[in-house]
Amino acid sequence: PTTKPTKKPTHAPSPSSKPAGGSKKLWEQCGGKGYTGSTDCASGAVCVKQDEWYSQCIPKRLLLAAAVVQTEAHGRMVFPPHRGYIGRLPAFKDIPIDYSDNGLNAGGIGGTSGGKHGVCGDAYSGVREHETGGIYGLFPTLGAKAVGACFAPGATVDINVQITANHKGYFEFGLCKLNGKGDKETEECFQDLLQPNGEKQWQLPAGNDFFKMQYKLPAGVKCDGDSHCVLRWWYVGGNNPGVGINGQEQFWNCADIYISDSCGSSPTSSPTNHPSPAPSSAIPSPAPSKTPLTDKPTKKPSPTTKPTTQPTTKPSHKPTHAPKPSSKPAAGTKKAWEQCGGKDYTGSTECASGAVCVKQDEWYSQCVPKRLR
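Residues 1 to 373 (UniProt numbering) are what the sequence shown spells out, left to right.
Be careful, since some hints might not be right.
SDA-like cross-link-like pairs, simulated, lysine to any residue; straight-line CA separation at most 25 angstroms [said to hold, decoys possible]: (1) K184 - G244; (2) K212 - I97; (3) K216 - P241; (4) K168 - E199; (5) K212 - Q162; (6) K145 - T333; (7) K60 - T36; (8) K60 - G31; (9) K216 - N240; (10) K25 - I97; (11) K168 - M213; (12) K216 - E172; (13) K116 - Q191; (14) K145 - G341; (15) K200 - V221; (16) K145 - D94; (17) K359 - G32; (18) K200 - E187; (19) K24 - Q56; (20) K33 - S100; (21) K116 - S262; (22) K93 - L142; (23) K370 - S262; (24) K181 - K212; (25) K216 - A144; (26) K33 - Y54; (27) K181 - Q214; (28) K25 - G134; (29) K216 - T141; (30) K184 - G238; (31) K184 - D94; (32) K93 - G134; (33) K24 - S43; (34) K168 - P205; (35) K25 - K93; (36) K25 - V46; (37) K359 - Q214; (38) K343 - P369; (39) K181 - R128.
These aren't lab readings, by the way, just hints derived from the structure by calculation.
Construct the entire structure; sequences and hints are all you get.
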């Protein structure tokens, strides 16, 4: 028989591959691809994986609430990128990421049953993190670096929404113009946007997917420089029959945008991937807004670099590079903030001087000024 050790070790030896010692405080990173720090959290917290790249020390008391958010999470507006989502995009690294940004339901039906909610999806009685001045609403400090898109006045714009748990219902979109850098959006400020067919509501088809819809911006509204506009997505679920709006789960997302003559022109009208089905009468609609959205003077935006004019006459000599395939998108360069790529996109993928084409998601790439990269 082999001789047993006279004294057992008090604990197993730490493996040589274990990250650096020491426990992490609440809300600190504790894991993720490429991370080499400690994976231990301080007392009262546990390391929770947020995505492939990031794990975070979360208070144990919030785990139950976090599980509820994951269960109820429905979707997010990905273009224009809303405030909790925009930090995921390479051009907006100065803005923090909300890893639960697809669950901004203002506390759920229990929190909104009285008709009260945060303007951008936060709970009415909670901290308004997604409103201007909150940890995700950084236009007062970052200015143009917090603006996720720029459109021409009166443009018909493509809006992309990702649905992760489909509860039927419909979407509506509103626009609020803020004249000063520190001004905050209010419920009364938002005015309804309409689809090209005149409909306000976009009925949600079945399935969990990325959905694209088109809405028209008002022709007389401009906002740039220290002024900007907030485009808001409002999702009213429809899986609770026989009740009004406040008996349905609702979601709100706010995106910071510019509307300026220096931005792209209105895109040509084309069928969307998911045209809005016939309206449903099961869910009552709110009363229409009475106050029209009007333009007010704003500070003149700083001049932007105009794209260089491309020659329209083809050279007589053969190009030295390989010929372009016949499936190449239409020629010409896109201005700053215009679309330059994405699934089913057929326009030019080249950006004007001073801008670069940046992929925002599967559906949308955009010409972003190099100074903001």
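Each hint, compared with the structure:
Restraint check: the Cα-Cα separation between K184 and G244 comes to about 29 angstroms, which exceeds 25 angstroms; the hinted pair is violated. The hinted pair formed by K212 and I97 meets the criterion: a straight-line CA distance of about 23 angstroms does not exceed 25 angstroms. Of the supplied pair hints, the one linking K216 and P241 is violated, its CA atoms being roughly 31 angstroms apart against a limit of 25 angstroms. Note on K168 and E199: the hinted pairing holds, with a Cα-Cα distance of about 18 angstroms set against a maximum of 25 angstroms.
The suggested pairing of K212 with Q162 holds, with an alpha-carbon distance near 9 angstroms, which does not exceed 25 angstroms. Restraint check for K145 and T333: satisfied, since their Cα atoms lie roughly 23 angstroms apart, inside the 25 angstroms limit. This hinted pair checks out: K60 and T36 have alpha carbons roughly 23 angstroms apart, not beyond 25 angstroms. Taking the CA atoms of K60 and G31, the gap is near 17 angstroms; set against the 25 angstroms cutoff, the hint holds.
As the CA atoms of K216 and N240 are separated by approximately 30 angstroms, the hinted pair breaks the 25 angstroms bound. With a CA separation close to 19 angstroms, the supplied pair K25 and I97 stays within the 25 angstroms bound. Of the pairs offered as hints, the one joining K168 and M213 holds, with about 16 angstroms between alpha carbons and a cut-off of 25 angstroms not exceeded. About 12 angstroms separates the Cα atoms of K216 and E172, which keeps this hinted pair within 25 angstroms; it holds.
A threshold of 25 angstroms between alpha carbons decides the hint, and for K116 with Q191 the separation of about 18 angstroms falls inside it, so the pair holds. A C-alpha spacing of about 21 angstroms is found between K145 and G341, which places the hinted pair at or below 25 angstroms, so the restraint holds. At roughly 19 angstroms between alpha-carbon atoms, K200 and V221 fall within 25 angstroms of each other, so this suggested pair holds. For the suggested pair K145 and D94, the alpha carbons sit about 8 angstroms apart, so the restraint of at most 25 angstroms is met.
Proximity of K359 to G32 is assessed by CA-CA distance (about 23 angstroms); at most 25 angstroms being required, the pair is judged to hold. At roughly 17 angstroms between alpha-carbon atoms, K200 and E187 fall within 25 angstroms of each other, so this suggested pair holds. Of the supplied pair hints, the one linking K24 and Q56 holds, its CA atoms being roughly 9 angstroms apart against a limit of 25 angstroms. For the given pair, K33 sits about 20 angstroms from S100 by alpha-carbon distance, which is consistent with the 25 angstroms threshold.
A C-alpha spacing of about 38 angstroms is found between K116 and S262, which places the hinted pair above 25 angstroms, so the restraint is violated. Only pairs whose Cα atoms come within 25 angstroms are accepted, and K93 paired with L142 is accepted, the gap being roughly 11 angstroms. Of the pairs offered as hints, the one joining K370 and S262 holds, with about 16 angstroms between alpha carbons and a cut-off of 25 angstroms not exceeded. Annotation: proposed proximity of K181 to K212 is violated, straight-line Cα distance about 30 angstroms (limit 25 angstroms).
In summary, the hint linking K216 to A144 is supported, as the alpha carbons are separated by about 23 angstroms, within the 25 angstroms threshold. Using a Cα cut-off of 25 angstroms, the hinted pair K33 and Y54 holds, with the two alpha carbons roughly 7 angstroms apart. A hinted pair counts as satisfied when its Cα atoms are at most 25 angstroms apart, and K181 with Q214 does not qualify at roughly 28 angstroms. Distance check on the hinted pair: K25 and G134 sit about 23 angstroms apart at the alpha-carbon level, within 25 angstroms; holds.
Our distance criterion of 25 angstroms between C-alpha atoms is broken by K216 and T141, whose separation comes to about 29 angstroms. Taking the CA atoms of K184 and G238, the gap is near 30 angstroms; set against the 25 angstroms cutoff, the hint is violated. At most 25 angstroms may separate the alpha-carbon atoms for a hinted pair to count; K184 and D94 meet this at roughly 20 angstroms. With a CA separation close to 16 angstroms, the supplied pair K93 and G134 stays within the 25 angstroms bound.
Distance hint between K24 and S43 is fulfilled; the C-alpha atoms sit about 9 angstroms from each other, no more than 25 angstroms. Only pairs whose Cα atoms come within 25 angstroms are accepted, and K168 paired with P205 is accepted, the gap being roughly 7 angstroms. For the hint pairing K25 with K93, the CA-to-CA distance comes to about 23 angstroms; that is within 25 angstroms, so the pair holds. Between K25 and V46, the direct Cα distance comes to roughly 10 angstroms. Compliance with the 25 angstroms bound is thereby established for this hinted pair.
Between K359 and Q214 the CA atoms are separated by roughly 20 angstroms; this keeps the pair inside 25 angstroms, and the hint holds. At most 25 angstroms may separate the alpha-carbon atoms for a hinted pair to count; K343 and P369 meet this at roughly 22 angstroms. Between K181 and R128 the alpha-carbon distance is near 18 angstroms, which keeps this suggested pair within the 25 angstroms criterion.
In this structure, the hints that do not hold are numbers 1, 3, 9, 21, 24, 27, 29 and 30, in rising order.
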